[in-house]
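J.: Chain by chain, the residues run as shown.
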Amino acid sequence: DAKTTQPNSMESNEEEPVHLPCNHSTISGTDYIHWYRQLPSQGPEYVIHGLTSNVNNRMASLAIAEDRKSSTLILHRATLRDAAVYYCILRDSDYKLSFGAGTTVTVRA
Amino acid sequence: SQTIHQWPATLVQPVGSPLSLECTVEGTSNPNLYWYRQAAGRGLQLLFYSVGIGQISSEVPQNLSASRPQDRQFILSSKKLLLSDSGFYLCAWSVSGGRKVKKLFFGSGTQLSVL
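Chains as they are written, first to last, in our numbering: chain S, 1 to 109; chain P, 110 to 224.
In short, the hints are calculated from the structure, not lab data. For each residue, glycine too, the CB sits at the ideal point set by N, CA and C. Just to be clear, a hint being listed does not mean it is correct.
Stated by the list, open to error - Simulated pairs of lysine-lysine, DSSO-like, Cα-Cα distance not exceeding 30 Å:
(1) Lys96/S x Lys3/S
(2) Lys96/S x Lys212/P
(3) Lys3/S x Lys212/P
(4) Lys189/P x Lys3/S
(5) Lys188/P x Lys69/S
(6) Lys69/S x Lys212/P
(7) Lys3/S x Lys69/S
(8) Lys96/S x Lys69/S
Stated by the list, open to error - Residues from chain S that face chain P, not an exhaustive set, calculated with beta carbons under 7 Å:
(9) Pro40
(10) Tyr46
(11) Ile48
(12) Gly50
(13) Phe99
(14) Gly100
(15) Ala101
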């Protein structure tokens, strides 16, 4: 499986943007980039996904580098409810989705 | 709309006792089903996945097993629990078919403590 590398943790102030980086230098041409987040004591929830172009939805934006070897999840205005572990995942299988350790985001009031 | 139910929410079991965790999905047909485990402070480990009734793929050799007796029911079992089986167990589903954009939808999880 293609692997991703994320920082262990990031801190942000409330109402400020958060940029979460993810490196995936071994990504193949057909791998989709998925982001999930996990709030404490809950199951992960889908955030966003993309292939080549930047993507926006109501939760976040995903910026994908031109060579696709890295991407950045952008939370435009962090709230206390955004404190979670964020997982960057490469979808390289029709059936399996493998989760790494993710980035723990802390939001300061 | 689709919903996923997982129970119980918490479970404390002695070493050597059996285990049965159940997961059901509503509002969809022929889903792909998954069991994940998360040790404290760690990422998620895929244990089993199923693409149809009676079809189970195991990702990690262990003393756990999974079964899918009905289309939308997924069961995780063990005959004898070990201390190392403690963790947060999550059931998930996705639509079937060969597409890499499929989203995973997770249940609320079962916190299992083996003592």
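J.: Look at each hint and say if it fits the structure.
T.: Here's how the hints hold up against the structure:
1. Lys96/S x Lys3/S: With Cα atoms ~13 Å apart, Lys96/S and Lys3/S stay inside 30 Å; holds.
2. Lys96/S x Lys212/P: 11 Å, holds
3. Lys3/S x Lys212/P: It holds: about 19 Å lies between the C-alpha atoms, which stays within 30 Å.
4. Lys189/P x Lys3/S: Distance ~34 Å between Lys189/P and Lys3/S Cα, so the pair is violated.
5. Lys188/P x Lys69/S: Judged against 30 Å, a Cα distance of about 44 Å means the pair is violated.
6. Lys69/S x Lys212/P: Since the Cα atoms of Lys69/S and Lys212/P sit roughly 22 Å apart, the hinted pair holds (cutoff 30 Å).
7. Lys3/S x Lys69/S: 11 Å, holds
8. Lys96/S x Lys69/S: 21 Å, holds
9. Pro40: With a minimum Cβ separation of about 11 Å from chain P (threshold 7 Å), the hint on Pro40/S is violated.
10. Tyr46: 5 Å, holds
11. Ile48: 10 Å, violated
12. Gly50: Since the shortest Cβ distance to chain P is 9 Å, the answer is violated.
13. Phe99: At 4 Å from the nearest chain P Cβ, Phe99/S passes the 7 Å test, so the hint holds.
14. Gly100: 5 Å, holds
15. Ala101: Since chain P brings a Cβ to about 5 Å from Ala101/S, closer than 7 Å, the hint holds.
The structure does not agree with the numbered hints 4, 5, 9, 11 and 12 stated previously, though it agrees with the rest.
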